[in-house]
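Now for the letters of each chain:
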Amino acid sequence: MSVTLEINGVTHRVDASAETPLLWVIRDHLEMTGTKFGCGIAQCGACTVHLDGQPIRSCSTPLAAVAGRKITTIEGLASDAAADHNSVAGAVKDAWDALQVAQCGYCQSGQMMSAAALLSQNSRPDDAAIDAAMSGNICRCATYPRIRTAIKTAADQLSAGKTS
Amino acid sequence: MLHRIQSRASNLKTSRRGFLKLAAGASAGLSLALHLPAQAQRSAALSSQGELDANAFVRISPDNTVTVVIKHLEMGQGTFTGLATLVAEELDADWAQIRSEHAPADSARYKNLHWGSQGTGGSSAIANAFTQMRIAGAGARAMLVGAAAQQWQVPVKHLEVSKGVIRHAASGRSATFGELAGAAAQQPVPAQDSLKLKDPAQFIYIGKAGVPRKDVGKTDGSAIFTQDIKRPEMQVAMVAHPPRFGARVASFDDSATRTIKGVINVVQIPTGIAVLARDTWSAKQGRDALKITWDNHQAFQGSSREILADYHQRVSQPGTRARNDGDAVTALARTDQRIEATFEFPYLAHATMEPMNCVAQVSEAGCEIWNGDQVQTMDQGAIAAILGIKPEQVTINTVFAGGSFGRRANPKSDYVLEAVEIARRAEGKPVKLVWSREDDTRAGYFRPAYVHKISAALGEDGLPTVWQQRIVGQSILAGTAFESFLVKNGIDATSVEGASNLAYQIPNLQVELHTVNQPIPVQWWRSVGHTHTGFSTEVMIDKLAHAAGKDPVEYRLALLQQHPRHRGVLQLAAEKAGWGKPLPQGRFRGVAVHESFNTFVAQVAEVARHNDGTFSVEKVTCAVDCGVAVNPDVIRAQMEGGIGYGLSPALLSEVTLEDGQVVQSNFHDYQVIRINHSPQIDVHIVPSAEAPTGVGEPGTPPIAPAIANALAAATGEWQTRLPLKGIRV
Ligand code: FES
Ligand code: FES
Numbered sequence: 240m241s242v243t244l245e246i247n248g249v250t251h252r253v254d255a256s257a258e259t260p261l262l263w264v265i266r267d268h269l270e271m272t273g274t275k276f277g278c279g280i281a282q283c284g285a286c287t288v289h290l291d292g293q294p295i296r297s298c299s300t301p302l303a304a305v306a307g308r309k310i311t312t313i314e315g316l317a318s319d320a321a322a323d324h325n326s327v328a329g330a331v332k333d334a335w336d337a338l339q340v341a342q343c344g345y346c347q348s349g350q351m352m353s354a355a356a357l358l359s360q361n362s363r364p365d366d367a368a369i370d371a372a373m374s375g376n377i378c379r380c381a382t383y384p385r386i387r388t389a390i391k392t393a394a395d396q397l398s399a400g401k402t403s
Numbered sequence: 018m019l020h021r022i023q024s025r026a027s028n029l030k031t032s033r034r035g036f037l038k039l040a041a042g043a044s045a046g047l048s049l050a051l052h053l054p055a056q057a058q059r060s061a062a063l064s065s066q067g068e069l070d071a072n073a074f075v076r077i078s079p080d081n082t083v084t085v086v087i088k089h090l091e092m093g094q095g096t097f098t099g100l101a102t103l104v105a106e107e108l109d110a111d112w113a114q115i116r117s118e119h120a121p122a123d124s125a126r127y128k129n130l131h132w133g134s135q136g137t138g139g140s141s142a143i144a145n146a147f148t149q150m151r152i153a154g155a156g157a158r159a160m161l162v163g164a165a166a167q168q169w170q171v172p173v174k175h176l177e178v179s180k181g182v183i184r185h186a187a188s189g190r191s192a193t194f195g196e197l198a199g200a201a202a203q204q205p206v207p208a209q210d211s212l213k214l215k216d217p218a219q220f221i222y223i224g225k226a227g228v229p230r231k232d233v234g235k236t237d238g239s240a241i242f243t244q245d246i247k248r249p250e251m252q253v254a255m256v257a258h259p260p261r262f263g264a265r266v267a268s269f270d271d272s273a274t275r276t277i278k279g280v281i282n283v284v285q286i287p288t289g290i291a292v293l294a295r296d297t298w299s300a301k302q303g304r305d306a307l308k309i310t311w312d313n314h315q316a317f318q319g320s321s322r323e324i325l326a327d328y329h330q331r332v333s334q335p336g337t338r339a340r341n342d343g344d345a346v347t348a349l350a351r352t353d354q355r356i357e358a359t360f361e362f363p364y365l366a367h368a369t370m371e372p373m374n375c376v377a378q379v380s381e382a383g384c385e386i387w388n389g390d391q392v393q394t395m396d397q398g399a400i401a402a403i404l405g406i407k408p409e410q411v412t413i414n415t416v417f418a419g420g421s422f423g424r425r426a427n428p429k430s431d432y433v434l435e436a437v438e439i440a441r442r443a444e445g446k447p448v449k450l451v452w453s454r455e456d457d458t459r460a461g462y463f464r465p466a467y468v469h470k471i472s473a474a475l476g477e478d479g480l481p482t483v484w485q486q487r488i489v490g491q492s493i494l495a496g497t498a499f500e501s502f503l504v505k506n507g508i509d510a511t512s513v514e515g516a517s518n519l520a521y522q523i524p525n526l527q528v529e530l531h532t533v534n535q536p537i538p539v540q541w542w543r544s545v546g547h548t549h550t551g552f553s554t555e556v557m558i559d560k561l562a563h564a565a566g567k568d569p570v571e572y573r574l575a576l577l578q579q580h581p582r583h584r585g586v587l588q589l590a591a592e593k594a595g596w597g598k599p600l601p602q603g604r605f606r607g608v609a610v611h612e613s614f615n616t617f618v619a620q621v622a623e624v625a626r627h628n629d630g631t632f633s634v635e636k637v638t639c640a641v642d643c644g645v646a647v648n649p650d651v652i653r654a655q656m657e658g659g660i661g662y663g664l665s666p667a668l669l670s671e672v673t674l675e676d677g678q679v680v681q682s683n684f685h686d687y688q689v690i691r692i693n694h695s696p697q698i699d700v701h702i703v704p705s706a707e708a709p710t711g712v713g714e715p716g717t718p719p720i721a722p723a724i725a726n727a728l729a730a731a732t733g734e735w736q737t738r739l740p741l742k743g744i745r746v
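So the protein sequences, as listed, match chains A and B.
Just so we're aligned, residue 240 is where the first sequence starts under our numbering, counting upward by one.
Just so we're aligned, residue 18 is where the second sequence starts under our numbering, counting upward by one.
I should point out that these hints are in silico values taken from the structure, not numbers from a laboratory.
Wrong hints could be hidden among the right ones.
[Unchecked claim] Chain A side only, calculated, beta carbon under 8 Å to chain B, not exhaustive:
| # | residue |
| --- | --- |
| 1 | Cys-278 |
| 2 | Ala-304 |
| 3 | Gly-307 |
| 4 | Gln-339 |
[What the hints assert, rightly or not] With a cut-off of at most 30 Å between alpha-carbon atoms, the simulated DSSO-like pairs for lysine-lysine come out as follows:
| # | chain 1 | residue 1 | chain 2 | residue 2 |
| --- | --- | --- | --- | --- |
| 5 | B | Lys-225 | B | Lys-213 |
| 6 | B | Lys-407 | B | Lys-301 |
| 7 | B | Lys-225 | A | Lys-391 |
| 8 | B | Lys-429 | B | Lys-407 |
| 9 | B | Lys-128 | B | Lys-593 |
| 10 | B | Lys-128 | A | Lys-309 |
| 11 | B | Lys-213 | A | Lys-391 |
| 12 | B | Lys-593 | A | Lys-391 |
| 13 | A | Lys-309 | B | Lys-278 |
All of these numbers come straight from a predicted model, not from anything done at the bench.
Don't be surprised by glycine CBs; every beta carbon is placed ideally from N, CA and C.
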């Protein structure tokens, strides 16, 4: 089937079968490789993108389900961050860089997408809220302590940006 | 991995001596040769773009970029940062102008000086390259300074270099590295013994905070891993692998596969049936549609339960001696107060975040691969052997690896050869082999399962008089290229490391090994033998401390009088954790100390008991002594990561086999820790002027015993089987 979808503000037409996972549409058809493959069954979060602002596992989301909808990938988050450091995307990107969170880095696109979605909904997440929002994202390098700190740092930056 | 076994004896001593000379300011103790590339050995490394190709490791371009060529795979452990730090230090570059890139496969220039071939592992990157990379930086600096002196007609000694700028104070002249690159390329390559390395007191980057990582692109989606490689006309391949180790294809029917849109071809290879397609999803669908009959005649049909039951039988019998101090057998026979424990460890998968994959292209000229390659020389040789070409005809483009933990240093080049076997059947087109998570989990090359038994007895002073340890399991090195020189007298050093060199002073100390062959492929897994010996020895010593009625930290210190670095980390971790201070209700502490890869680590784990009897690990205090701390933040990150990696097998992970098949397949049943399992981790680095040693692995061994010992503080019972899931306190 031929499907139109909007990724990072750009409209794309894709020819692929209806059940093709969004992950492979993004990676193979549209050649945007920031979104990663880790498990294929919604267990690891490496493939997390935003669908109309909500975090979803693109490996388990068929193309047919996203027709005409707005998708944001890590590449979109990075350009949003560059455009506005006081945005949620900017706060997440800055915190991740300042705290040197990434080790191998393979999970981090997904981690940052989940973190940005969390902060969009909860500007002051406590440890329990962070656990709830982030436990779907595995990091085999176990950068979890820095992910936790980075989310809190980003929250601080966002609230400082609002009051200033 | 293969590592320190070679390094341990001679090389470490060499590098330590070399380091001490340097530290004393002597003109570079260049016992570690700097391998300059052939073209740089000629007087001028001139390129038409006015670039300075100073040596194998440093290029400086007119745009003022300093490129550091990194001979060790960046798989998360920070080689892009650590090795570049060493170059930048002696070059007096501005950190912002430094960029890192992976070296090509070329053992002559880029070998691991601990191994003699190109490869990464055994926490050896900084340890082997510490002096080499500093010399590379100093050599490039000398050429730049020489060029400035010539241009300005001033003596070299009147020039200062700082943050990538060369200045002549008297005349007020200055120039950047980039401006001088072209002229520097005309300078002679300095003789190594003319180079003077910095005194540590002058360091501006080594050991300092605020030296950010150089493996960039990991927070904007631009970093390229094997999975992200695109080549013109590239096809994607997925392989149907046999469900049992040793099974083969009897027959297959690919008619349904060939009707799937996007599927290009189906080929049989030695390891299964490969489906080639235009994209990953088509390849997967094509693979799922294959009908294959497997020939199980030579296949493993047993279970891990049976394997472990057999190990439990064997562990009561004497084995091959790996260490024998005093007379443990007689000492044990004399005592009527034996303290014993039998330990059990399951198979473990590496479960890297990026499942194994490799891009390969086979042409008339040879073979080219794109891979998070950990052992370039070995992979080159293995590829050349199956294709009947020369190793030099194999080009390896090393890219970031999404974790390895040892997996990508496969002694049989397993997934790499699988990619090449497909590519040689793809009419010259590049092929990306993609493993699913299920392929990756079930492919074997596991950390082997082991059973240990330790028998001990205490003297009147409560200290152990005898310690007999028996270890039963598969040999990782058997059947590999390393067997001939790393398996001595029937002892695979990687089976007993951490036990055979137990640091505790015990007069009658015996370690024995039973090596058992199994058809389950096994491999080194972050910290190798220490993954199990660290646990059994540290849980046992804790149990003995309790039997003696002594404090676990004091007890260890009493037995470590000859081991100041063990003592140093143990005392620092204890102090920082508030050891001995009262804890809130329901909180318990446990401690462990272990040396691996010449790095010393102690950890104190704090666990919380919950109302339902379950427990969680709340806090880990870690002290590490890795000699000179080249990049303290990377060291802290590696301790955090090493602890986190060890937490999974401590708490959750195990591979089991039933009816010859691996039971687990993906993260729902091969469980690993998630953020909700992750404790607060505080890392403290012991200040040291010793030669730097690795940090990629040594954080892993102590965490499981520290947790088990904390649980024992709660229950009075020392757990002896991993993982600890289901334990109630
Ligand atoms: S790849 Fe989608 S959740 Fe793992
Ligand atoms: S940084 Fe390696 S998996 Fe998260």
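Structure-based check of each hint:
1. Cys-278: Hint holds; A/Cys-278 Cβ to chain B Cβ min 4 Å, cut 8 Å.
2. Ala-304: Violated, because the Cβ-Cβ distance from A/Ala-304 to chain B comes to roughly 15 Å (cut-off 8 Å).
3. Gly-307: violated (21 Å)
4. Gln-339: Status holds, d = 5 Å.
5. B/Lys-225 to B/Lys-213: holds (21 Å)
6. B/Lys-407 to B/Lys-301: violated (34 Å)
7. B/Lys-225 to A/Lys-391: Within the cut-off at roughly 25 Å; holds.
8. B/Lys-429 to B/Lys-407: OK: B/Lys-429 and B/Lys-407 at ~18 Å, within 30 Å.
9. B/Lys-128 to B/Lys-593: Violated, at roughly 40 Å.
10. B/Lys-128 to A/Lys-309: Answer violated: B/Lys-128 to A/Lys-309 is near 49 Å, above 30 Å.
11. B/Lys-213 to A/Lys-391: Since the Cα atoms of B/Lys-213 and A/Lys-391 sit roughly 46 Å apart, the hinted pair is violated (cutoff 30 Å).
12. B/Lys-593 to A/Lys-391: Holds - the C-alpha atoms of A/Lys-391 and B/Lys-593 are around 24 Å apart, at most 30 Å.
13. A/Lys-309 to B/Lys-278: Satisfied, since the Cα-Cα distance of roughly 27 Å is no more than 30 Å.
In the structure shown, a violation is registered for the earlier hints numbered 2, 3, 6, 9, 10 and 11, in ascending order.
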